[in-house]
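Enquirer: Generate coordinates for the entire structure from the input sequences, incorporating the hints supplied.
These protein sequence lines are chains D and Z, in that order.
Heads up: the first sequence runs through residues 502 to 681, numbered per the working numbering.
Heads up: the second sequence runs through residues 107 to 766, numbered per the working numbering.
Here are the simulated DSS-like pairs of lysine-lysine, each with C-alpha atoms no more than 30 Å apart in a straight line:
1. K221/Z x K373/Z
2. K649/D x K628/D
3. K443/Z x K373/Z
4. K373/Z x K587/Z
5. K221/Z x K443/Z
6. K675/D x K590/D
7. K623/Z x K667/Z
8. K590/D x K605/D
9. K667/Z x K552/Z
10. K628/D x K563/D
11. K587/Z x K520/Z
12. K552/Z x K628/D
13. K605/D x K563/D
14. K675/D x K649/D
15. K675/D x K539/D
16. K605/D x K552/Z
17. K443/Z x K520/Z
18. K443/Z x K504/D
19. K590/D x K623/Z
20. K504/D x K520/Z
21. K373/Z x K504/D
22. K628/D x K623/Z
23. K605/D x K623/Z
24. K675/D x K563/D
Just so you know, the hints here were simulated from the structure itself, not pulled from any lab data.
These numbers come from a predicted model, not from an experiment.
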Amino acid sequence: MTKARFLIPLFLFLALIALFVVGLQRDPREVPSPLIDKPAPQFSLPELLDSNTTFSTADLQKQPVSLFNVWASWCVACRQEHPFLMELKRRGEVPIYSLNYKDKRPDAMAWLNRFGNPYTAIAFDEKGRVGIDWGVYGVPETFVVDRKGIIRYKQIGPLTEQAWQETILPLIEKIRAEEG
Amino acid sequence: MLPEIGNFALILAMTIALAQGVVPMIGAARNIPGWIAFARPAAWTQFVLLVISFGILTHAFVSNDFSVAYVANNSNSALPLMYRISAVWGGHEGSLLLWVLLMGGWSATVGLFSKRLPPEMVARVLAVMGLVAVGFTAFVVFTSNPFERYYPAPMDGRDLNPLLQDIGLIMHPPMLYMGYVGFSVAFAFAIAALLGGRLDAAWARWSRPWTIVAWVFLTLGIALGSWWAYYELGWGGWWFWDPVENASFLPWLTGTALMHSLAVSEKRSTFKSWTVLLAIFAFSLCLLGTFLVRSGVLTSVHAFASDPTRGVFVLLLLGIVVGASLAIYAWRAPQVKSAGNFALLSRETFLLGNNVLLVVATATILLGTLYPLILDALELGKISVGPPYFNAVFVPLMIPLIVILGIGPLSRWKQDEFPRLARMLRSAFLVSIVLGVVIPWLLFGKVELMVVIATAISVWLVYAVLLDVAHRCRHKSSFWKGLTSRPRGFYGMSIAHLGVAVTVIGIAFSSYYSLEKDLRMVPGDQLEVGGYLFHFDGVRESHGPNYTATEGVITVTRNGKPVTTLHTQKRTYTVQQMPMTEAGIDAGLFRDLYVAMGEPLGDGGWAIRIYYKPFIRWIWLGGLFMAFGGILAASDRRYRLMAKRTAPSGADARLAAQES
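Expert: This is the structure we're talking about:
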């Protein structure tokens with residue numbers, strides 16, 4: 502019995518290894534959200550830049566297709582993604598809405614002042630409640646939402662030119678074609 | 107041609123490492139002197155080959171040889187020479203080559219400074235290090251080879267990530283890796299001692315300086331990384347509880363526990379199997395960190411290129427190294443006898459408290475880091491764990507740790523009396539409570555509970571350290587004589603402990619009393635922050651070797667007297683088209699003035715962010731104190747003397763008798 506306790510670290514470690522083996526087979530960036538092809542969760546939040554107005558799920562359904570980008574000023578990867586969002590805004594192919602997630606208003610506004618604002622409108626989710634409804638677990642994330650309010654795709658991690666050209670742009674064209 | 111030679115040298119180094127891992131190990135088990143003696147020359151040869159390999163890769167960078175894929179991906183002909191050299195470890199492949207090189211360096215150093223250790227001990231230590239080196243070199247050779255070629259060679263390279271074009275990041279990875287790999291020495295000593303059945307005070311004494319040196323490097327590496335994040339990422343944060351940061355912090359916490367546990371093992375011959383386990387844990391966490399960073403199982407702000415084959419390889423390596431060492435532990439550790447016993451109130455108990463708190467802190471941070479992965483693997487959903495969790499669990503553990511950190515050095519080994527300690531520390535208790543309130547109030551005019559706690563425990567710690575110094579010098583004929591008669595190890599400990607207080611003050615004051623202003627400024631505008639008047643002079647164009655920049659100039663005055671002129675830049679790096687902000691910082695011991703420039707807002711206006719950050723330098727200053735204390739302790743005379751001692755000391759003799 503006294504000897505058995507020296508085996509405890511080994512068994513704990515083996516359990517950890519088993520966990521990693523499972524973890525390795527799942528790519529945290531690619532696993533689809535359970536919300537894909539489901540209606541987008543409903544919410545209504547104050548606008549970040551103008552707290553007198555609100556932003557709700559309905560606002561995402563004004564165009565055939567919209568991007569909904571989740572970001573925060575404390576998120577370093579968001580900063581990396583940001584120039585590409587500015588580029589997307591310049592191209593003007595699709596409106597970019599966003600959810601400012603678990604952030605402080607002055608921080609978020611300062612961030613936009615410093616790096617530029619690519620967003621058409623920004624929902625301010627200070628407590629992160631809406632983020633949880635949307636299944637946000639790593640920031641940045643970007644959802645593609647169509648006019649019916651259905652989430653068609655979710656990109657986890659920064660948007661890149663490659664992901665845009667290979668996955669998102671074809672999807673957007675498909676959604677537009679569906680609307681005909 | 108040269109890169110092929112580099113590749114060849116690397117493969118040769120791998121085979122030598124294999125021989126270094128196998129031959130001396132068998133030699134030590136079977137007692138074959140020739141095989142035992144093989145360890146040192148093998149370690150040296152391996153190191154020389156790795157130096158050649160690394161040197162050739164560096165040459166490829168310096169000479170802009172873009173036919174080497176790794177160079178083409180991480181450098182550019184316009185990149186300044188300094189960054190071309192640091193770009194060698196700017197990417198995945200090169201940073202692993204650096205890891206392997208440093209590992210070889212540690213092996214060679216152990217070979218050099220172990221002349222007076224028993225030969226079979228040296229053989230086992232170097233063999234264990236050789237086996238670990240085989241794994242990592244194979245990782246480089248088979249999955250991450252930096253010498254692969256591009257045909258045809260591109261005209262120019264893709265440039266180094268602009269975030270890495272910085273002095274802080276030139277020094278950060280080598281320091282961190284020196285620390286990571288350094289713990290392999292403590293690990294190898296532990297495994298060698300387990301295998302040889304020599305888990306005695308002598309083993310603890312040999313391990314101590316190596317462990318301290320590794321810890322010093324890790325401390326400096328973490329401090330550098332945090333300092334870099336502060337000035338380069340641009341919003342004044344210095345720690346983010348990111349998985350990659352945690353990966354370096356976990357071995358640091360365990361390493362700190364190990365240093366203290368080794369002290370008990372050496373002085374009192376107890377805690378031995380616990381110490382061995384800590385040595386295994388510390389290095390395992392270094393490997394785990396590498397796995398987490400390189401495999402991409404966790405999403406991290408550091409966003410390293412990740413690759414599933416690499417993940418599988420590191421996992422395999424982690425499984426073999428840690429699994430084997432824990433199996434050896436389970437097999438050999440039950441035979442270890444703890445010699446000393448101690449009373450509830452004794453220095454052993456305080457050090458045990460230190461160990462328990464540090465290990466619990468490690469476990470909670472590890473849990474927080476792995477929790478998203480655990481839930482995902484069990485299909486319970488996906489979540490992220492952020493700073494609120496880490497702050498909520500870490501801070502309450504550190505407060506009691508610092509309180510006992512003050513008492514520990516004052517207490518006696520084996521048994522102490524409560525009245526004695528209480529008498530010594532009564533005044534410290536009162537002074538720390540009073541100053542805990544008075545200092546923040548005098549400096550900042552307002553008092554916050556967390557700041558009072560932080561100030562009080564820091565004052566407590568400083569007071570206790572000074573009391574300890576005074577106490578130990580009191581019996582000498584003069585105070586000065588007393589001071590000079592104390593060994594370096596004592597001063598090392600005291601200075602490192604003071605460093606903890608310095609860092610705590612820095613964290614508390616800068617977190618609670620920083621001032622921030624974000625505003626639109628047109629040239630000529632001015633604003634007062636923290637008693638300083640910031641005057642926006644205007645912007646001008648400027649350009650560097652591989653970027654163009656818009657530079658904002660802000661003059662700072664205080665009561666009409668000029669203080670400094672700050673320059674903040676928005677840079678665009680021409681090759682990667684990546685915008686970067688360079689903050690303008692006026693650093694000071696008691697405050698930093700920090701300005702960063704944002705987007706142009708039209709009509710000549712710019713978004714400007716101004717910070718006043720009191721005592722922020724103290725965070726890293728404390729780190730320097732800790733590192734300096736570590737260097738003093740590791741260079742203590744007795745580690746050099748002990749090497750000369752041939753007759754085993756009491757504890758050694760006892761264990762030797764048990765064995766025979």
